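Chemist: Sequence:
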Amino acid sequence: MNNPLLEPFNEAPFSKIKNEHFKPAFLQAIEDTKKEIDAIVNNPEPPTFGNTLEALDFSGQQLDRISSVFFNLNSAETNEEIQKIAQEVSPLLSEFSNDITLNEDLFKRIKTVYEQRDSLDLTTEQETLLEKKYKNFSRNGANLKEKEKKRLREIDAELSKLKLTFGENVLAETNKYEMLLTVEKDVDGLPEGTKEAAAQLAESKGRQGWLITLDYPSYIPFMKYAKNRELRKKLSLAFGSKGFHNDELDNQENVKKIVSLRFERANLLGYKTHADFVLEERMAETPEKVLDFLNELLEKAKPAADREFAELEAYAKELDNIDRLEKWDSAYYSEKLKQKLFDLDDEKLKPYFKLENVINGVFKVAEKLFGLTFKEVDTVDKYHEEVKTFEVYENDNFLSLFYADFHPRPGKRGGAWMTSFKPQYTLNGKNSRPHIANVCNFTKPTASKPSLLTFNEVTTLFHEFGHALHGMLANTTYPSLSGTSVYWDFVELPSQVMENWCYEKEALELFAHHYESGEMIPMELVEKIKESATFQEGMATVRQLSFGLLDMAWHGKDPSNVNNVKAYETAAFKSTNLFPETPETCMSTSFSHIFQGGYSSGYYSYKWAEVLDADAFAHFKENGIFNTTVADKFKEHVLSKGGTENPMDLYKKFRGAEPNIDALLERAGLLKTN
Numbered sequence: 009m010n011n012p013l014l015e016p017f018n019e020a021p022f023s024k025i026k027n028e029h030f031k032p033a034f035l036q037a038i039e040d041t042k043k044e045i046d047a048i049v050n051n052p053e054p055p056t057f058g059n060t061l062e063a064l065d066f067s068g069q070q071l072d073r074i075s076s077v078f079f080n081l082n083s084a085e086t087n088e089e090i091q092k093i094a095q096e097v098s099p100l101l102s103e104f105s106n107d108i109t110l111n112e113d114l115f116k117r118i119k120t121v122y123e124q125r126d127s128l129d130l131t132t133e134q135e136t137l138l139e140k141k142y143k144n145f146s147r148n149g150a151n152l153k154e155k156e157k158k159r160l161r162e163i164d165a166e167l168s169k170l171k172l173t174f175g176e177n178v179l180a181e182t183n184k185y186e187m188l189l190t191v192e193k194d195v196d197g198l199p200e201g202t203k204e205a206a207a208q209l210a211e212s213k214g215r216q217g218w219l220i221t222l223d224y225p226s227y228i229p230f231m232k233y234a235k236n237r238e239l240r241k242k243l244s245l246a247f248g249s250k251g252f253h254n255d256e257l258d259n260q261e262n263v264k265k266i267v268s269l270r271f272e273r274a275n276l277l278g279y280k281t282h283a284d285f286v287l288e289e290r291m292a293e294t295p296e297k298v299l300d301f302l303n304e305l306l307e308k309a310k311p312a313a314d315r316e317f318a319e320l321e322a323y324a325k326e327l328d329n330i331d332r333l334e335k336w337d338s339a340y341y342s343e344k345l346k347q348k349l350f351d352l353d354d355e356k357l358k359p360y361f362k363l364e365n366v367i368n369g370v371f372k373v374a375e376k377l378f379g380l381t382f383k384e385v386d387t388v389d390k391y392h393e394e395v396k397t398f399e400v401y402e403n404d405n406f407l408s409l410f411y412a413d414f415h416p417r418p419g420k421r422g423g424a425w426m427t428s429f430k431p432q433y434t435l436n437g438k439n440s441r442p443h444i445a446n447v448c449n450f451t452k453p454t455a456s457k458p459s460l461l462t463f464n465e466v467t468t469l470f471h472e473f474g475h476a477l478h479g480m481l482a483n484t485t486y487p488s489l490s491g492t493s494v495y496w497d498f499v500e501l502p503s504q505v506m507e508n509w510c511y512e513k514e515a516l517e518l519f520a521h522h523y524e525s526g527e528m529i530p531m532e533l534v535e536k537i538k539e540s541a542t543f544q545e546g547m548a549t550v551r552q553l554s555f556g557l558l559d560m561a562w563h564g565k566d567p568s569n570v571n572n573v574k575a576y577e578t579a580a581f582k583s584t585n586l587f588p589e590t591p592e593t594c595m596s597t598s599f600s601h602i603f604q605g606g607y608s609s610g611y612y613s614y615k616w617a618e619v620l621d622a623d624a625f626a627h628f629k630e631n632g633i634f635n636t637t638v639a640d641k642f643k644e645h646v647l648s649k650g651g652t653e654n655p656m657d658l659y660k661k662f663r664g665a666e667p668n669i670d671a672l673l674e675r676a677g678l679l680k681t682n
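Heads up, the sequence shown is in our numbering, so the first residue is 9 and it goes up one at a time.
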């Protein structure tokens, strides 16, 4: 059988790939990579940086390409067959990864080079690669005894399967839930576009009425606008109880097993907790520093959050005689209060944010800042007809391929993310350019309207595009240090800093035009967007901090005495609570960021990166938001450098100093109120 995944390919050959190609391709590529590793280990020449470290970093390229294609499909266009293959190949990949990091002869060669590092005259990037590879081995068991190595392999194989199962359960829960409404009164308050989309979805499934689901474009407008409080409650409880029904999709045991295995693994490697292990390779360095950081922000934000909550509760009482504000009331009354205070309604804004216009807008911002141009092409093979593909150029030189996939589908997990189908690296004098993708879940077009984004979706698009720029502008030698391969608490800087342009008149003028009349967004709406940016910022900050504290509770302590997932979570949330407790819900059982994605012991990094991004954007504001001198520095020291240097060193080269937390507090309106 000809297997397109085993042929050399530049662009991913999606249309030629069948599901039955994946497992044989993985098995073959693992074998091929083992041979490459054996060649490094058995090289009769003494170990050098080139024949050991460089050779290792450029090994397994076909395996990496196959993995990126497969696991991206498992997130963006999955089905039962792909999920089954993922369950089969994940332990194999985990085992193979261990085969490398636990290979004593390979580690000896790396160690030999590492011990000579002071006499080798290496570049900064080479020093970083050497340090990173050496640590990768020592942090993953290279110095363990044989019995401990065996246990490490068992843990890693089990974790790889548990994380997949966790994610599959969350996706199945999301897809399974449907709320069919057949009485017009039940959709009172919903915007016309939301009603039309819900009716269209019902019709597509051969049903009458309006179908509401747990996908964000359906769930969020319902929680924000539906007048029927009981239905909001029903939907909110369904959303908040994913993986928490004591059935075959329940994730409570998976949570306990994942945290216990991570803790055991950290102990095996000589670390106190999983958080200690993870944070050694982060800007934050230790769990203590993370907790200090989260608690310092909590101290600043909680008084503001309490005031905002009291204001919201009083407003709900005044409006609808609601005595006790519940979680399912928050978005609804917040939206009403926001409209009252700022006369700002998402529905008024949406006509100015047609998806295609926003895409063009983010491209224009990238052009003005970094000299990039984007050309839509239809010759690139793609995994779904909805995916758009673009060639990206910098001063007429090809820079990157960019895939954009914007709408929800049954085979796509929720949320928004950036990913890569091919890394950037330089080999034999040739700079191999990356293939980058943004995947989102935005409101779909309907029969009568194009895809019109909420302002929140606009900032999400800019956020993910910031990650994409980090990938596209990568300019390093080694694939493992390229693009977004940086410390996890640095990776959100490029994405979060991009969101700032959404609030600026100069940027909005580029793309915020009414989809029917072409009229520019009125300046009073822009002013209201800016004024409302700090609306309920105290509550929003406390919510984010609660997630970071929950993550640290699971990963910064010994979890062996945790019997009840819900009770443990409730205790972790105690200092951040605003709303009454809902016994039917549990966040941990669907907290995919930390139990399936890469954010374990790292959720704090969103707030950490906000400090960086507020400080970085303040630099743009001082000099002009399209100042090319500042943009060039940001491109040179942040976007192009990947993980080649310590992130704080890179940040200081861009900014001239370490970041100041006050820029964030000021932007959030938390300096004025405390």
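Source of the hints: derived by calculation from the structure; they are not laboratory data.
None of the values given here were measured: they were computed from a predicted structure.
A portion of the hints provided could be inaccurate.
Taking lysine to any residue and the SDA-like style, the derived pairs with C-alpha atoms no more than 20 Å apart in a straight line are [as the list claims (entries may be wrong)]:
hint : residue 1 : residue 2
1    : Lys310    : Glu15
2    : Lys242    : Lys264
3    : Lys348    : Lys119
4    : Lys513    : Thr485
5    : Lys513    : Tyr495
6    : Lys119    : Ser67
7    : Lys565    : Phe301
8    : Lys157    : Leu269
9    : Lys155    : Lys241
10   : Lys193    : Leu239
11   : Lys169    : Lys264
12   : Lys92     : Ser75
13   : Lys310    : Leu327
14   : Lys203    : Ala339
15   : Lys241    : Thr593
16   : Lys310    : Leu333
17   : Lys390    : Thr593
18   : Lys372    : Ile529
19   : Lys241    : Lys325
Ranges between beta-carbon positions, derived for each pair [to be verified]:
hint : residue 1 : residue 2 : range
20   : Thr56     : Lys26     : 20 to 30 Å
21   : Glu334    : Thr190    : 17 to 27 Å
22   : Glu674    : Asp255    : 43 to 53 Å
23   : Glu393    : Ser127    : 27 to 37 Å
All C-beta atoms in this analysis are idealised placements derived from N, C-alpha and C, irrespective of residue type, glycine included.
Chemist: Evaluate each hint against the coordinates.
Modeler: Each hint tested on the structure:
Taking the CA atoms of lysine 310 and glutamate 15, the gap is about 56 Å. The hint is violated against a cut of 20 Å. At roughly 27 Å between alpha-carbon atoms, lysine 242 and lysine 264 are farther apart than 20 Å, so this suggested pair is violated. Simply put, lysine 348 and lysine 119 have alpha-carbon atoms about 65 Å apart, too far for the 20 Å limit, and the pair is violated. For the hint pairing lysine 513 with threonine 485, the CA-to-CA distance comes to about 38 Å; that exceeds 20 Å, so the pair is violated.
The hinted pair formed by lysine 513 and tyrosine 495 fails the criterion: a straight-line CA distance of about 33 Å is larger than 20 Å. Pair hint lysine 119 plus serine 67 holds up; C-alpha atoms about 18 Å apart against a cutoff of 20 Å. For the suggested pair lysine 565 and phenylalanine 301, the alpha carbons sit about 17 Å apart, so the restraint of at most 20 Å is met. For the hint pairing lysine 157 with leucine 269, the CA-to-CA distance comes to about 14 Å; that is within 20 Å, so the pair holds.
Between lysine 155 and lysine 241 the CA atoms are separated by roughly 52 Å; this puts the pair beyond 20 Å, and the hint is violated. Our distance criterion of 20 Å between C-alpha atoms is met by lysine 193 and leucine 239, whose separation comes to about 11 Å. A threshold of 20 Å between alpha carbons decides the hint, and for lysine 169 with lysine 264 the separation of about 14 Å falls inside it, so the pair holds. At most 20 Å may separate the alpha-carbon atoms for a hinted pair to count; lysine 92 and serine 75 meet this at roughly 15 Å.
Distance check on the hinted pair: lysine 310 and leucine 327 sit about 25 Å apart at the alpha-carbon level, beyond 20 Å; violated. Of the supplied pair hints, the one linking lysine 203 and alanine 339 holds, its CA atoms being roughly 18 Å apart against a limit of 20 Å. At most 20 Å may separate the alpha-carbon atoms for a hinted pair to count; lysine 241 and threonine 593 meet this at roughly 11 Å. The suggested pairing of lysine 310 with leucine 333 holds, with an alpha-carbon distance near 18 Å, which does not exceed 20 Å.
Distance restraint check for lysine 390 and threonine 593: the Cα-Cα separation of roughly 38 Å exceeds the 20 Å cut-off, and the hinted pair is therefore not satisfied. The straight-line distance between the Cα atoms of lysine 372 and isoleucine 529 is roughly 17 Å, inside the 20 Å bound, and the hint therefore holds. The straight-line distance between the Cα atoms of lysine 241 and lysine 325 is roughly 17 Å, inside the 20 Å bound, and the hint therefore holds. Separation of threonine 56 from lysine 26 is about 43 Å and departs from the stated range, judged on CB atoms against 20 to 30 Å.
Judged by the Cβ atoms, the range 17 to 27 Å given for glutamate 334 and threonine 190 holds: they are separated by roughly 25 Å. Hint check: glutamate 674 to aspartate 255, Cβ distance near 48 Å, so the stated range 43 to 53 Å holds. Between glutamate 393 and serine 127 the beta carbons are some 57 Å apart, a value that contradicts the proposed interval 27 to 37 Å.
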